[in-house]
Amino acid sequence: MKRLIIAHETRTLARTPALFWLLALLIAGIVFAGWAGHRANERQVRGAAAAAEFEDMMRGEMRKSVYAYENKLKQTGGEMKFAAVNHAPTEGGPPQGVNAGAVGAETSAYAVLPQTGLSAFSVGQSDLLLNYVPVSMRNIMDITRPLEIDNPVNLVSGTFDPAFLIIFLLPIFILAMTYDLLSSEKERGTLAMILAHPVSLRALMSSKLAARARILLAVVLVLGLGVLLTVGSDLGSGDTWIRFALWIGAVLLYSLFWFALAVLVNVFGKSSASNGIVLAGSWLVLVVVVPTLVSLLATTLYPAPSRMDLTIAMRDAQTAAEKERMKALDQYYYDHLELVPDAQNKARDFLTLAMANSAAIEKAVRPLYEQFQAQLNRQEELVQKFQFASPAIMMQLSLNEISGTSADRYEHFMRQVEQFHREWNDFFAARFLKRQPLTVADYELFPKFSYEEEPFAAPLSRMAPSLLGLAVLVLLLGWYGFADLRRYQVAAR
Amino acid sequence: MLQAIDLRKSYENFEALKGLNLEVRGGDIYCLLGANGAGKTTTINLFLNFIHPSGGSARVNGHSVTEEPLKTKRYLAYIPEQIMLYGNLTGLENLEYFARLGGHDEYGPAELRAFLERVGLQAHAATQRVSTYSKGMRQKVGIAIALAKQARALLLDEPTSGLDPKASNEFSQLLLELKGQGVAILMATHDLFRAKQTGTRIGIMREGTLLRELGAEEVSHADLERIYLEHMQ
Amino acid sequence: MILTIARKEIREIVRDGRFRWTAALMFLLLLTALLAGWQRFDSYSHERARAQGASEFQWLNQGDKNPHSAAHYGNYAFKPAGPLSFFDFGVESYTGRQVFMEAHKQNFAVDRAVADSSAIARFGELSGAMILQVLLPLFIIFLGFTAFAGERESGTLRQVQSTGVSRSQLLWGKALGIATAVAIVTIPCLVVAALALSFTAEGATSDAYFAPRITVLALSYLAYAGIFLFLTLAVSALARTARSALIVLVGFWAFASFIGPKAVTEISRVVHPSPSLGEFTAALRTDQMRGLDGVSPWVKVEAYKQELFAKYGVDKVADLPVYWPATRMQYLENFDEPIFDLHYGRVAATYAQQRRLQDWLGIVDPLLPLRSVSMGLSGTDLIHHDRFMAAAEDYRRNMVELMNGYLAKAASGLNATFNSSNYMTADQKVFAIVKPFEYAPPRLADTLKEHGLGFALLAVWLLAAAVLAHFAARRVSL
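Protein chains in written order, with our numbering: chain G, 1 to 493; chain D, 1 to 233; chain Z, 1 to 478.
Just so you know, these hints were derived from the structure itself, not from any lab.
Computed from a predicted structure; not experimentally measured.
Incorrect hints may appear among the rest.
Stated by the list, open to error - Computed list of lysine-lysine pairs in PhoX-like fashion (alpha-carbon distance at most 25 Å, straight line):
1. G:Lys2 x D:Lys166
2. Z:Lys435 x G:Lys323
3. G:Lys323 x Z:Lys429
4. Z:Lys300 x Z:Lys311
5. D:Lys166 x D:Lys196
6. G:Lys270 x Z:Lys8
7. Z:Lys305 x Z:Lys409
8. G:Lys64 x G:Lys81
9. Z:Lys300 x G:Lys64
Please construct the entire structure, taking both the sequences and the accompanying hints into account.
Written as structure tokens, this is what we have:
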């Protein structure tokens, strides 16, 4: 019986020209979204490559000069000497490439957060939070993070990525196909015709749903696979396919939510136009209004301390540190190591002082910064709690986890970057303080950043509440909707 | 075959049906007469389990329609005032769909066509989309659906209103044919003439109560009209 | 006649339970958004004023040090918020709010609010502008989609027509009725917001600033609402049933509000690609190392030294009448300036091209010109940001030049004895020659000129929608 109704529904749908347009739009949308997500990824990859290439070039030049210097010494004999930091090329003497302080402070190593196989599926905040972070002895990590640059107008609009398509547009397609699930049959009068036959309302409803879900989800999932195969990466790795399986699961759950909502609204037995209004309104509230309200609530309840205050505090700390630890001249030379006349002795002190200086600033600002972080964490927790108010939030959080563009994975990355920063500092500071000239061989020993992916259980446990929340919501709505079918009035009185 | 036992239906502010007792046997054509709002359509909807009775029960072939809704619907066929079909399917496709919904998967295209032929639908119309049909043509498909279902009871809600006299007459002939096959027919109608002509029994309803039942042979057409108007006073 | 029709429309709308629900929701959301926006503006302005003052104080009280070191210590420019930013946040959360102005380096603005928010911030911010841009059109659609189609279905359209009412009277009557219903909901909120704003004790909130901007802003939103009102009536008249009218209108709304802005973003990114930070930095620093003309700064600075020797008729640094290290550093500043201009300018130009293209694509999506115009009038668009950044950069260059210039003159005697124990310090009096940072936002006339295209497109849309509604109403089938 159900198969018969499904086949019939499919046939009727196939003869609805509007459906073809709808599906054509959906297909075009998915293709466009996959392409846009891919472009966003490519931009980051290009940025990381260009930055790394420049820094490699800089270090390569230094290495070349050290190589030449070593060769010269081999011919002329003599000890390798330490060199002052000097921006301008000098004739004869040791090149600045032998100075560990110069190499460690004047060049940066880029720590890169690798993209997952599905990163094109949800851009998340990755268009803002830089996933290639410069690490050198100069910067104080963690407090001043550089951000990716882009046209702010574009950032406001956001990327037309597959996550947007799934979260915002897929529900519209689903609702367009289901808002008149029963009401249209009732308005046309065919509902009475059907129910005069031995068919239960429940069987009719579920078959009609199945016919629509089959078409829509086939399109989404097949094209999702298509997007993965064309713009995904790491297709050989199991991780990618587990992520894709999760993606499918999340999309199914999210779609089911909207199908269930349409059932529920249809069960009230109002007209198609009424259902249309109610469903369009629900979409707006759940997808647009609630997320912005939760966001507003988070920033109102836990306002982050002003970054401007943080800046002012940092500068106060800087002034205090300077006044305490350095004479003005030292400061001057710190900024211009190349001008230090008696470099052999002085330079060491400046770098030592500079490092001490940074440490003092960091220490002074740390409490304020931690307060800042604590508020952000509270905001994040609030969002975690209030996500259940909107399937769109749950879905966004899940998709970010699945695509590896979540805030938590970024934090995981940044912790490794901080670790790497310490490693980098230690490597160069040790050699610098010992006034040990860098050799060509040392260049091979420079610390290299390699990202260690968090165990898969971590993102899984983070997205579990979201996915479970969605599942519970689907079950509740579906159960309520189908239970309410018993009260459905087939005939007006 | 069709049996209403103290059947009641009330809404928040009024009673649509106040304890109806009625029986239609196989081979009967029972015509329900009455003004709009008398409770005729309510009765039919109750037999179809489209609405839930507030009291009493409606039975089809001895089974309660509320307890065994799917089983009782196997015996029933329903022809409303406006037969509504899927406009973007052809007459034949509509018939096939409903026949199979009724559990009759066995019909081939030839048999389905034969049903449409039997109710007098032009052969070329069978493969046209229903959205191009006139009301009479749709009504014919509706009867074909009832025939294909091999229903033991037929529920008709003003089936001839809006039909031209010729179509109306053809419709009556078909009813008589079904009556001959022992089908129980319950028909709500305003058409006293047809009721007298085709009906075997006639019931007159007013404000949810069956006021009078009479055999069609017992009265002349003129008497029927007089009795009817008396009850409507 | 038109008034009679309008009165009947309002009565029908107000009696509909759905209207009361949606109106209450709209009202509450709008009020929340406006008050939250006001609170945000109010606290930001205070924070900003405090920070700018503190930064100024820090500059002067950084302790006695070499003037060039002072330039390194630098100063911060904190971006002031225009009072109308309470209504439309524009790109404020996505552009940095502070610029570090230091020797040798031009910096991007940092402190972008959105980077300090949870991921759901990207769903958008609840502002008065957002409500009026996104929710209001849907509200209008809900009120108006049955205007003709519903009456046709219930058969009342035939009856109304039989009384001899002209179709255009019917159209205008309905338009007036719906507009009144919309006004009942929106106007009280806007009045409350205006009152809240008038309590703000900021000097900038003068009537001369507000009155013209609010007027133009109100007219723009009125035009936008009009576009949706007429489109709704037109579709309602043309559609066969109320529900198909609703589907078409909601589809257009979803396109205009959500698909359009993102789609044009992607299009403008393809047509005018902008560099990522990595590419930008690499290109900038490569040019700084090699020189725009392929001559490295070290070669040039050497030539400059020789030039100075020739100019002052000397042959060694010790004899120069200007302090060489300071002169040299100013020379390097001047060397970098065109490189900064080129690279930062190129980025700004690309963004401007993207913005232009998006404005033009407003021909398919009325939200785009409205959004652009609204941000512009609220002082929260990219043009305002660019101007602020330009002011900060001018300030930076001037500050560095003043410090280097002072050093070059004041320390000229140190050329001969330049070593670690002999240096020049300056105090607060010297730092005070750098005046506090000030920024004047663009004048209204400039904003209006910049957004001429947006206004024109809004007018075109409004006209087209009205004409469409007019013809649709005349051709409405019964």
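Verification of the supplied hints:
no. : hint                : verdict
1   : G:Lys2 x D:Lys166   : violated, 39 Å
2   : Z:Lys435 x G:Lys323 : holds, 24 Å
3   : G:Lys323 x Z:Lys429 : holds, 18 Å
4   : Z:Lys300 x Z:Lys311 : holds, 16 Å
5   : D:Lys166 x D:Lys196 : holds, 17 Å
6   : G:Lys270 x Z:Lys8   : holds, 24 Å
7   : Z:Lys305 x Z:Lys409 : holds, 16 Å
8   : G:Lys64 x G:Lys81   : holds, 16 Å
9   : Z:Lys300 x G:Lys64  : holds, 24 Å
The structure fails hint 1 only (numbered hints given earlier).
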